[in-house]
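Chemist: If you read the sequences in order, they're chains A and B. So the number in my numbering is just where the residue sits in the first sequence, counting from 1, plus 2. So the number in my numbering is just where the residue sits in the second sequence, counting from 1, plus 1186.
For the record, the hints were derived by calculation from the structure and aren't laboratory data. None of the values given here were measured: they were computed from a predicted structure. For every residue, glycine included, the Cβ atom is placed at its ideal position computed from N, Cα and C. Be a bit skeptical, because a hint or two may be false.
[Claimed, not checked] Restricting the straight-line Cα-Cα distance to at most 30 angstroms, the calculated cross-link-like pairs of lysine-lysine (DSSO-like) are: (1) B:K1391 to B:K1377; (2) B:K1385 to A:K14; (3) A:K244 to A:K195; (4) B:K1458 to B:K1473; (5) A:K191 to A:K149; (6) A:K190 to B:K1226; (7) A:K220 to A:K149; (8) B:K1385 to A:K188; (9) B:K1458 to A:K11; (10) B:K1458 to A:K195.
[Claimed, not checked] Stretch-level coverage of chain A by chain B, calculated; a stretch enters the list once three of its residues show a Cβ under 8 angstroms from a Cβ in chain B: (11) 44-51; (12) 63-69; (13) 73-87; (14) 163-170.
Now for the letters of each chain:
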Amino acid sequence: MKTTQTRPKLLKEAHFHYCPGCGHGIINRLLMEVIEEMDLQGEAICVAPAGCGMLLYNYFEIDVLESAHGRGAAVATGIKRVRPENLVFSYQGDGDLAAIGTAEGFHAANRGENITVIFVNNGVYGMTGGQMAPTTLLDQVTTTTPKGRDSVIAGHPVRICEVFSMLDGATYLERVAVNKPAAVRKTKKAIAKAFQRQLDGCGFSLVEILSPCPTNWKMGPREACVWIDEVMSKQFPLGVFKEVPCS
Amino acid sequence: MKRLMSGNTALGEAAVLSGCTCYFGYPITPQNELTEYMAKRMADVGGVFIQSESEIAAINMVLGASVAGARAMTSSSGPGISLKQEGISYLAADELPAVIVNIVRGGPGMGNISPSQSDYFQATRGGGHGDYKTIVLAPASVQELTELVPLAFDLAERYRNPVIILGDGMLGQMMEPVDFDLLRRPPDCEKDYILTGAKDRPARKVHSLIFDTKLQEEHNWKLFRKFQRMEQNEARYETYLTDDAEMVVVAYGMGARIVKGAIKRLREENLKVGLLRPITLWPFPAKALQEMAKTVSDFFVFEMSAGQMVEDVRLSLEGKGHVHFYGRPGGVIPMPIELSRIISRHYYQAQAGGERRKQ
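Kindly produce the complete structure, drawing on both the sequences and the hints.
Modeler: Now the structure itself:
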């Protein structure tokens, strides 16, 4: 039998703590694949979040700092300004980037910090048990929107790529998903592109990844993947929102 | 050569001469001259300056710069320091060095922009969440800043812990002659924990999340032992006319400067009053106080607050001696004559009390 895919060496042989059907595992693997293929182990520094992604330092064979909830872009800014030759990226969830850390992400983008934000959008607070996230869809049921998200009470889902696209400092913004093989391949390309742009000094880049959370969506893994296509991506359309040519 | 500089700008220059290459800050009175000075000087020396979007962002940029290996500093005043507490807790948990300057103003809440010593508790009790301490240095003159700023960077790196410089609006704003000739850049510590990319070495992980309670407890005890070493080795203080003193005033920072003026007046009236000025507020110079309590029975605490350090004085004395207190909160600066009157009243009352006890 011919081997076509293997675990990237930079992804430790540890058991993921992620739930069955969760997208984080795929995104973790893609990041390590890209860094391995671009031979960036010696340059990469990851800023991990609070939330479901917080334990990724157990899985990555690269330097990792775990930041406070929401502060990833500020911490990454501090690292990158000291070590401009390194590849610095933050890994942030929707609560992390679109609620508690909006200011840090927004202003890092506005300053045009030459960092990359990997933004995992699954529309809920996963680790704390499925509360409403800033990206929760209208009428979506969560533990803190038991009758569904009502915009009068809880506002509207935040579209980070669209909002950040207004900022002059942001130069590459793409929304992708990891709900099917073709989408996963596209996500990998987007990550590689964001990293290459950072190495080329192009400025702030962000890859938003729609990611299934079957546990908190109360769905089966397959159903969750279909839901991303049929419902979630209507609110969060996929595509490149900004790509400023790199001078 | 002496130069006339404000405390805020002298602090900035001392930081630059101490090897600080990264400054992150957000404007707040009465420390803005420091932020402005660093904007100019960081550009001169090829360092990093960012006027951040918030105090929270600033302290997290400090954390990022520190984990990347740089000497980093931020500064603010009370309301902004409250916002930085999250990051200070993470710095302590991650065992990362950093220097945080608090040029204190009257509080709580918005308060005012006048000098105050009302952030003593916040500075000396950790300030943020969790079980940790920060070394707190309290300069009493612009010249003393040139000694305490390099010391702050040195202690931060040697212990891998955040260090607070606690001044007040008066120290920050007033101009005094200052001489940087004796300032020496602290030597670089070997930093085998910083993140540089896992090139030819195993990957490094810096994190404060420790799910296993036993490991978290072990981490807490490790930090505790470090804080014990600081307590044993780093308590600093100055004494003034204490050899024959019958009453010792305990005051710090600019409060102690005012007290010195008061004591000069009291000595002219032959009142045997001396001063113990803690230079480190944490670790508190408890041993020095205990030693004095062998011969002195009355301690007078003055603070520009409603009374915070007075608790440490009582704890240090462990019930020995009498503790008197006078405080002026709200950003009020008393004159030496006001203090000398109050101290002399307590001095004579204490003497009368002493006579009664003898009978």
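Chemist: Out of the numbered hints, which ones does the structure contradict?
Modeler: 5, 6, 9, 10, 14
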